[in-house]
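Trainee: Here are the chains, one letter per residue:
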Amino acid sequence: MGEVGLSAYLMVGAVLFVCGVVCMATKRNGIGVLMGVELVLNGANVNFVAFSRYTSLGLDGQTTALFVIVLAAAEAAVALAIALNFYNNHLTIDVDRGNELQG
Amino acid sequence: MDFEALFKQFLSGDVAQQASILRSLTIFLPELVLSCSIVLMLVARLISLDRIIPTHWFALLGGMGSFVIVLFQFWQFGESQTVPVEVFTGLAIHDEFSIFFRGFLTFFLVFVIALTVLTGIPDDEDAPDFYSLLTGAVIGMMLMSSANHLLMLFIGIEMASVPSYAMTGFLKGKRRSSEAALKFVVYGAGAAGVMLFGISLLTGILGTAQFSELAPRFQAVFVNHAGMQDPATRCVALALLMIAVGFAFKLSLVPFHFWCPDAFHGAPAEVGGFLSVGSKAAAFALLVRLTTSLAGDGTGALSQLSLSCGLGLGLIAIATTTFGNLAAYSQQNIKRMLAYSTIAHAGYMLMAVSALLVLQSVQSDLVFQGNHQENGPRAMEGLLYYLCVYLFMNLGAFAIVALIRNQTYSEEIDDYKGLAQQAPVLAICMAICMFSLVGIPPLGGFYGKAFIFASVYEATNVHWFMWIVLGAGGLNTVISLFYYLRVAKTMCIDTRPADAVPVTMVASSSPALYVMLVSGMVVFLGIIIDPLSKVALHAAHALF
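If you read the protein sequences in the order shown, they are chains A and B.
Per the working numbering, the very first residue in the first sequence carries number 245; after that it's consecutive.
Per the working numbering, the very first residue in the second sequence carries number 879; after that it's consecutive.
The set of hints was computed from the structure by calculation and includes no laboratory data.
Being a predicted model, the structure only gives us computed values, none of them experimental.
Some hints could be false.
Here are the simulated DSS-like pairs of lysine-lysine, each with C-alpha atoms no more than 27 angstroms apart in a straight line [what the hints assert, rightly or not]:
(1) A:K271 / B:K1052
(2) B:K1367 / B:K1295
(3) B:K1050 / A:K271
This is chain B alone, in the form it adopts within the complex:
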């Protein structure tokens, strides 16, 4: 169909088409609410309304409204329909998986806005800019999680990245902040360019950009081809490698992790917390969507593709966790340490994706499949549960860093000595977050790790390499114990030097309540697992 025919069809007002656009817009409502809140914030400053109503209320209400709509969609999905819907002529898809992530991201947005209000990082003058960037980035992440087309994949990634660059450099007069932003934007733009070139090659060879079409086309193109001697195979491998570069940058995987510690070190702690959870979660959603649609039903050439992608990701996961944990060990700055810890956690989560792909590669093998039907969704459930716990434990750690910074103007671990004597709330909550990041049993982090390691163990039935992945995961958990516990020990056991800046935190003040709520959720997710894991499993089933 050429352009003129399409345009005529649009003008003639086909009823069915208009109905489908209307339906798409209804499904798109959470994003529209967030977009409206951005416009409102900017207009409010134009007419000086922000002097009467502080800007963060617009952002907060937008985030909450959007979250409520997503909850309603979730409820509606369970009640009336169970089939995924393609919206906007197949650019995006609406299923339980996308609802789960959109809910996750809007919930997270509300928590981040609440944190910035408590720590006061954007002053009144800058607030509309900051919250527009924050909300805009979340809209981009929501698009990433519901993408169903390679164009949408790129738009989502760019929409999430570009505001992140600006937020990293938000402290305008700080040398470090501007350096962090420059490094972030140079790496990010380069990775996005390489990724786009990979996408162009992939769409060209397969002749489609639709996710659901990728696997059948792949099957059709490669039905007679075999081995790396074939130019088409090499070209697809190159394209996938280039797309993997883009993902590796977003997820800060080795060897594309260099930006992460620098960006987190230079950026305000609130922005670091946002980037470490939000953009990771969205990028994982997108990675899972792309890889599962590439793996398809796991027959013929697809089985080989799925297995090699899975093993490749497993190798990257080992390198990433090991590097992240070893580098975190020697850090003096808490934000830098948390950045390396983020890298390590991206590696753990990547293990789940790797296990998923390895399990998918034997999907069509009926003998094997008999009693392993649930393995794929189980691996996904582990990833989703881990992300939910990760939201609370990482946000909690960054929130405490921001609150202490507001009083001592320092982010060095040594300056945290003996905080338990002056601000026991902060020290205890920080200890909870740290223990959960290690994965010590009664806390949420343990179950996230346990789910993921269990699915990696299942994948060992398919390929021996997964034993190495499992071993590396276990070994890394032990290594990570040392540097997380060092922070907890510094805060809780050491004595506070006499000349240190005093920190006060009344247990009933709102920052203290916020921190207690977040770390309380970490404990809660470690004790009551069932509701969330059921929702996660339900969302995971949408992909298979």
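So here's chain A without its partners, still in its complex pose:
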């Protein structure tokens, strides 16, 4: 089986990134926005692992990917807690409904 090159992996990473950014920009549901963030982080992870395999980056890329997975989990935990807190006060997690702070 022929091996796929670096650019194929980078393409997957870039597609994930763009999907994530579009998701962050268009979703009105708070949880949907956070899912977009996860896509972006995983797109970066694909890049890291691919670079680690094909360039002189070495193990650094893989360790970074592992750390990013942990950090993403921590961030998701805090973000979900904040979303829940927002729901308790507003009875919705529609991010457009947070419009009391303006000016």
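Take the given structure of chain A and dock chain B to it, following the hints.
Mentor: Frame of chain A, contents of chain B only:
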């Protein structure tokens, strides 16, 4: 080296390696002390020890202990060694610059904890949570200031941001607080994601994540390339732009500043004060580290890179100060006004970084360099001095807001009318902080601004664009006069309405003493400049 070889090496217990780990741990002691204090706080609640010993003592002792260790390291650094040490296999670096910022941050932590004790924002039930988050965020900021690896950069930023999100939403039942936290976390997570993608591209193209390796690799990759037609150049430009998005979010620079006024408005004033000083200082430390290592020795392609980064940051600095000052002008809520003022000040400080990069770009030009050897460190000295003054004047302003809120339950500027008649201490200290934020001569803020503008003036020798930056800085200082003085005038000259809630503040009470100490430091730093500026210059030299 593959994973198995590394693992075997670790198991076989190489003596030199163990010694280097031990040495790294010794250098890491301030962070370890803070981590221990977090564990102690949480365990103390588990065994109900916090009913006997209030939690803030653990946090306060941890902060003080950590600060003392940093001071000791500073003294030791001057005595025995002068070479920067890379710790934890090059992930972090230990030099005067990192010692300066770790000292700054632990000192600031102690002051913030003291403020929260005086204003009582976390009640006894929530205190372990609040202080763990606060201390955890400070550890993240300390990692940011000593980062030497792109992974460490990201970990530091996340460790500082995630607790900040939670602290913003700390007042659980308040609609505004939860809204502020949601906006903060959505923007923050998005910016962090984009930044990480930029980091992945940069590491991939340069083949390294080590800060010290970035410049040589850049030089090697771009030795034959020129112009934006080349895909590699475009890719690096894109990566740098994405990393800049992450920094712009942390520093609340235009156009990524939207979270800042909302987060500060919804969060308790103490948290606002913490975010405005702590995370800004750490992000500036990191930005300076990254950009100076990218600029390297300023030869060949690096000179071009350094100059374009410097000019780009200069443009953002102009937009940020101008926007911050104009938006602050129409605010009715004092916390919102201070948030826009924070944005404006981030712009002033960014001017120093911009000047530094522009000056670095001609570093290798010997004809020019002859009598300008000291310019780079001077620009850094200005930034560090500004940050130190900023710590006191901004913390003072937020502390007074918190103290008045505890009595009147209001944060509107109109409700501050005539406070000088009821609580002269608060009104006078607030006036000192406001005058210093403008930059009026005998106060510390003036010298911070003067140092920065002087280095921007030096940079005008390199590129004409810096004249525009300098002009914008001067013009903005004049604009900012109006809204800062409006607060001082409202408090000191207007008469207090008869139906207003009375505010009492005895001059010998501990909150009053705290406020007087902080604003006294603002005056002190305006009169006696030499010691701090020498330390700042010393720390700045570590980077060059």
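Trainee: For each hint given before, does the structure comply? Return the numbers of the non-compliant ones in rising order.
Mentor: Violated hints: none; all satisfied.
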